[in-house]
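Novice: For reference, the chains in residue letters:
Number of protein chains: 2
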Amino acid sequence: MSQLKNDLLLRALLRKPVERTPVWFMRQAGRYLPEYREIRKAAGGFMDLCRNPELACKVTVQPLRRFPLDAAILFSDILTVPDAMGLGLYFEAGEGPRFERPVHTAADIRKLAKPDPEQDLGYVMQAIRVIREELDGQVPLIGFAGSPWTVATYAVEGGSSKNFPRIKGMLYEQPAMLHKLMEKLTGATIDYLNAQIDAGVQAVMVFDTWGGTLSPAAYKEFSLRYMQQICASLVREKDGQTIPVILFTKGAGSRLADMVDTGCDALGVDWTTDLADARKLTGDRVALQGNLDPSILYAGPAAIRKEVEKVLASYGHGPGHVFNLGHGIHPEVDPANVAAMVSAVHDLSPTWHQEAAAR
Amino acid sequence: MSQLKNDLLLRALLRKPVERTPVWFMRQAGRYLPEYREIRKAAGGFMDLCRNPELACKVTVQPLRRFPLDAAILFSDILTVPDAMGLGLYFEAGEGPRFERPVHTAADIRKLAKPDPEQDLGYVMQAIRVIREELDGQVPLIGFAGSPWTVATYAVEGGSSKNFPRIKGMLYEQPAMLHKLMEKLTGATIDYLNAQIDAGVQAVMVFDTWGGTLSPAAYKEFSLRYMQQICASLVREKDGQTIPVILFTKGAGSRLADMVDTGCDALGVDWTTDLADARKLTGDRVALQGNLDPSILYAGPAAIRKEVEKVLASYGHGPGHVFNLGHGIHPEVDPANVAAMVSAVHDLSPTWHQEAAAR
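Listed in order, the protein sequences are those of chains S and L. Numbers given in the working numbering equal positions in the first sequence, counted from 1, plus 1044. Numbers given in the working numbering equal positions in the second sequence, counted from 1, plus 1044.
Careful, some of the hints might be misleading.
Which copy is meant is left open, so a pair is good if it fits within one copy or across any two.
Calculated cross-link-like contacts (lysine to aspartate or glutamate; reagent style EDC-like; alpha-carbon spacing at most 20 Å) [stated by the list, open to error]: (1) Lys1206 <-> Asp1180; (2) Lys1354 <-> Glu1162; (3) Lys1282 <-> Asp1305; (4) Lys1294 <-> Asp1318; (5) Lys1155 <-> Glu1177; (6) Lys1155 <-> Glu1227; (7) Lys1354 <-> Glu1265; (8) Lys1264 <-> Asp1318; (9) Lys1155 <-> Asp1235; (10) Lys1350 <-> Glu1265.
To be clear, the hints were calculated from the coordinates, so they are not data collected in a lab.
For reference, chain S alone in the conformation it holds in the complex (with noise of 0.2 Å):
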């Protein structure tokens, strides 16, 4: 493996000094780069993309060559898991994912398959060995999983939710049923992030998406638990270098005073929690990372500039932030505003470091 070049995320998730804040967003690459869209379409379903390694490493690498970012992250889905557990995982138009076999009963869940990674995900696996390939040492790979919970929900609903009946109505009537469920999901989600940690993936985020729709109590009970186990569960150091974990709920809030006890290295923070307060709340810890509102991405240049300002001079001085978004990119924004957020980062991070870069 050669070199990492720009080991500034590194550095930063590990709250170590750096000259400038590290920059990458998630769903940097996707659909409001022309280049994706034509890919995607010639690939055919978005399942294509991420089942093969080739195609899965030039959109991993695609915004790269535009914008200079500290980072690349795994192109790939996090229904990835409980398809290879044999829930038949497909989208339809316009639907986004389905499963074709849903969890309902404690038989639903005894079928469970516990995958081999190198086996049944091996397609993730190769993506990784290319893309370090193609990387070649420029910037760290993201590898990543969605969290127990998250999925789980995908798996009870059968898809998509918005109020979740089925797997909320299961948490309150059923809750040992359910756990078990989350048992598997997480030893599931343990044995893959391993794998893609074995395979050259240099820091692992867990995107708990759904976390935020518990109630606090419900939230302990069934996410923050099992990403403790997965935090607790995954081989830490590959080749003499540490390896970050980041988790990230949506809708944290005062939850991110919680999450700090997982053992996690970082905490991602979406736009409406300002990074102040969650500095406080975590107590430097953690690396924080986030959190621009992604819909600011609907302005122009100069709004952006003076906004990325703001999250930088929210987070104040020193060590341990990693700017991003507060979540994806969305598809219909322009990669001219994108651009200008990372010279952003870029032109005005610095002045926050020279403290820290003088000691």
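Using the hints, position chain L against chain S.
Specialist: For chain L alone, kept in the frame of chain S given last:
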């Protein structure tokens, strides 16, 4: 006007002692009730119900015939105000509300009419009078409006939205222009709510469904500030009775602390914040209304009772709690589960008020 026979809600909203916790639900009149669906089907569209005072009265009182609730809430919609301002509200099957003439430019804002509530929204005022007559003092009637920010999102986007591209673009690119819109919406909302009070509503609630999608700074500038103007401009007394004002921002979280300073009497709390935390944040300066996860109604009576108990315990002893869901009742819910929830509040809440009653 007949004497109010059950003033539990009004006492609780003003933090006065009560014998048990009053209970009502957002969307207590609605699609989960078969008798609602029947009237709705006969009437045609949703707005045909709202615009017909007799039908609006019928559906307003339907849940009171089934459950021993402590309040009625006017059956209407938050988009009656922008409709009266000239935007042309209509509903498309499966699409939700839409406007024929959304607000995109400064000229669009200048053209907005200033509605005369008794003339342009007379159907609402007439519905209030008919409902008060029908209720005959059984329970108080709550009036409501959308928050200016929430109404603005529909006015600018032309309907429901997920990412709010147009209004967030406007917020960051043309904030002065957006403030002009907010001022007009706020003025119309104040007139509308004061007319509702004059027509007979005994409490008012402002629904800020989308304030929680703003960053904390944008929330203060574009949502909270205008709700504060509303609180400052409402007629707060009628016939010797105080008219309590309830504000509800979905996803408010720690913003509850700022919301207290608006001068409202009570805050709605969604299920993602514990009432104990909400009480700490607000320092017993206002009453709190909430906050069972509406998806708990997908479980059965025993599970529901357990969760009602937890909400009551989370609020704890003393006055100032109005039991409600953290958001509206979902349409697929079994009315028997709603009955179980109401019974649980009746059965379990008196113990939390015994101290107060003994004083």
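Novice: Provide an ascending list of the numbers of those earlier hints which the structure does not satisfy.
Specialist: Violated hints: 1, 2, 3 and 5; rest satisfied.
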